[in-house]
Amino acid sequence: MATNQPYRNKIETMSAQVVDSNPYSRLMALKKMGIVNNYEEIRNYTVMIIGLGGIGSVVAEMLTRCGIGKLILIDYDTVEIANMNRLFFRPEQAGKTKTAAAKETLELINPDVEFETYNYNITTMDNFEHFKERIEKGGLQKDTSVSLVLGCVDNFEARTAINQACLELSKCWMESGVSENAISGHIQFIKPGETACFQCVPPLIVASGIDERTLKREGVCAASLPTTMGIVAGMLTQNTLKHLLGFGEVSSLLGYNALLDYFPKDTIRPNPECTNQYCIKLQLSYKEYLKNNPTPVTPTPIVEQIKPSTENEWGIELVEDENIDINKLNENILNNNNKPSGDSSFEFSYDKKPTVQINNENTVKVDTNTNLNDLMNQLKNLK
Amino acid sequence: MDNQTKQTVSQIPLLTTKAGPRDGDKWIERMKEEYTSLIKYVEINKKSDNDWFNIESNQMGTRWQGKCWYIYNFKKYEFDFEFDMPITYPETAPEIAIPELENKTEKMYRGGKICLTVHFKPLWARNVPHFGIAHALALGLAPWLAAEVPHLVENNMIKDK
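Residue numbers (UniProt numbering), protein chains in the order written: chain A, 1 to 383; chain B, 1 to 161.
Note that these hints are calculated values from the structure, not bench results.
Please note that the accuracy of each hint is not assured.
[Claimed, not checked] Stretches of chain A that chain B covers, calculated by requiring three or more beta carbons in the stretch to come under 8 Å of a beta carbon on chain B: (1) 26-35; (2) 152-161.
[As the list claims (entries may be wrong)] With a straight-line cut-off of 16 Å between C-alpha atoms, the simulated EDC-like cross-links for lysine to aspartate or glutamate are: (3) A:380 <-> B:43; (4) B:113 <-> A:273; (5) B:121 <-> A:180; (6) B:159 <-> B:80; (7) A:103 <-> A:77; (8) A:96 <-> A:80; (9) A:103 <-> A:61; (10) B:40 <-> A:20; (11) B:121 <-> A:154; (12) A:137 <-> A:180; (13) B:40 <-> A:374; (14) B:107 <-> A:180; (15) B:40 <-> A:367; (16) A:365 <-> B:80; (17) B:113 <-> B:160; (18) A:380 <-> B:51; (19) B:113 <-> A:77; (20) B:161 <-> B:78; (21) A:287 <-> A:273; (22) B:121 <-> A:351; (23) A:380 <-> B:29.
[Unchecked claim] A few chain B residues that face chain A, going by a derived Cβ cut-off under 7 Å, partial list only: (24) 13; (25) 14; (26) 27; (27) 39.
Note that beta-carbon positions come from the ideal geometry of N, C-alpha and C, so glycine has one too.
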């Protein structure tokens, strides 16, 4: 039986000393190898994770083991035995809230990490403003904003709520998801105004190569695999580390197709006709910013470019990758909000074209003198 | 969707005010539209002898609840349903829940939220902000009951009232 006594005291500074008892030696080795110059800076960062399912809980564990400064964990669900096909939670935690169960495990793994947890639904009026306030003020230093928000939720409503909060606060976030049939997933880095927000285009899904009509949906809501979720969690955490510590190239949109073992990459530009007014405003200020700063600042790669060997001892040839036509995809988004072209690796989950046309006859007429209470009573009395 | 449903749905007035529960006065306007549209829908149902639900909300329109019923093999099955109005409404549809049926059917998410993703949600998304609660009931809850109640009865999971 585990006790809640941590196995060690807090460590003041991360050390690169290679001894069996140093939990950070292999991470600090990244510095010695020249991959990450500033690894210990990870302790200054706060990451908020919304959703502790098959992706979020694993991301939380990875970041905890990496020595992140602080994690804010949000979920309204409890651990169930039906979750045992995924990673992280254990059968004896069934019945506990996911936030409490996660905190309990993670604190034991790394006592240096600070945790803040909320067991609530972010999409309701009761919680949304508080959720937004924690993004704005939940950072390690008092009243500073969190460093990054990670969306690990499984539904459209919660994704839209995260998008709303991050647009209102102009906060970068990463969205993630796995398809309902468990065979594909994606991560998307959303920089308000600079890349497409979650509402700019219909939700993106990785082309599965399966004819939708052959998909059996009888009697099931969603399937899940620990593999697909673990891979997407790894992709999301990797992108987070790269973004926070400034190494390598941070992906804008990265997909995973499990059946073909294919990882398409893309960038989706914002939609000037996005339905979210905050997004439109931020798009304009980003354009303004670009005018004043013609060359976008890109962090200089830390890794020295190693010249590839020109000898080809093994006779290996590179096959030209299937070209992802970003322009075509964006063109489609901008022109008619229709599905991206057939050869793209990402698809929209549905068509944006309305099925109803409003006119004077089919829209609701509310008498200006009617008050809401009258209407409420009228409906009640119809019973 | 069968022709009768199509016919009924086409008679439910469409909404025009795009406002959610955080939008103050505009939300009150939207609420008035919601109630007007619901009244019309209930009237249509009563007229065609197809009354199948009642519904009410709190003063702020943030929480809704009601009863819905379904006749199968001449027996009436009745359930309480509820939903919180998400702050992202009407961009996202309300998530209707029937808590008493949780764990009795697979077509349900935790908390008894009925599973509507495949057909209903895309339809809703395409027509924002013109669909309202009446549409969510007609296009979401009604077909769900029609598919699930017979299944639940056959499996002895529910009793008639």
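Holds or violated: residue 113 of chain B to residue 160 of chain B, with C-alpha atoms at most 16 Å apart: Since the Cα atoms of residue 113 of chain B and residue 160 of chain B sit roughly 21 Å apart, the hinted pair is violated (cutoff 16 Å).
Pair hint outcome, residue 137 of chain A versus residue 180 of chain A [Cα-Cα no greater than 16 Å]: violated (34 Å)
Residue 13 of chain B as an interface hint toward chain A, with CB separation required under 7 Å: Holds - the Cβ of residue 13 of chain B comes within 7 Å of chain A, reaching about 4 Å at its closest.
Assertion that chain B covers the segment 26-35 of chain A - criterion: three or more residues, beta-carbon distance below 8 Å: violated (count 0)
Restraint outcome when residue 14 of chain B is required to lie within 7 Å of chain A by C-beta distance: holds (5 Å)
Pairwise hint evaluation, residue 154 of chain A against residue 121 of chain B, where the allowed Cα distance is 16 Å at most: holds (14 Å)
Restraint check for residue 121 of chain B with residue 351 of chain A, where alpha carbons must lie at most 16 Å apart: Within the cut-off at roughly 12 Å; holds.
Restraint check for residue 40 of chain B with residue 374 of chain A, where alpha carbons must lie at most 16 Å apart: holds (15 Å)
Restraint check, 7 Å cut-off on beta carbons, for residue 39 of chain B near chain A: holds (5 Å)
Distance restraint between residue 40 of chain B and residue 20 of chain A, which requires alpha-carbon spacing of 16 Å or less: Violated: residue 40 of chain B and residue 20 of chain A sit about 73 Å apart, past 16 Å.
Hinted pair residue 103 of chain A and residue 61 of chain A, Cα distance within 16 Å: holds (10 Å)
16 Å Cα cutoff - pair residue 107 of chain B, residue 180 of chain A: Since the Cα atoms of residue 107 of chain B and residue 180 of chain A sit roughly 13 Å apart, the hinted pair holds (cutoff 16 Å).
The structure is inconsistent with the numbered hints 1, 4, 10, 12, 16, 17, 23 and 26, although it conforms to all the rest.
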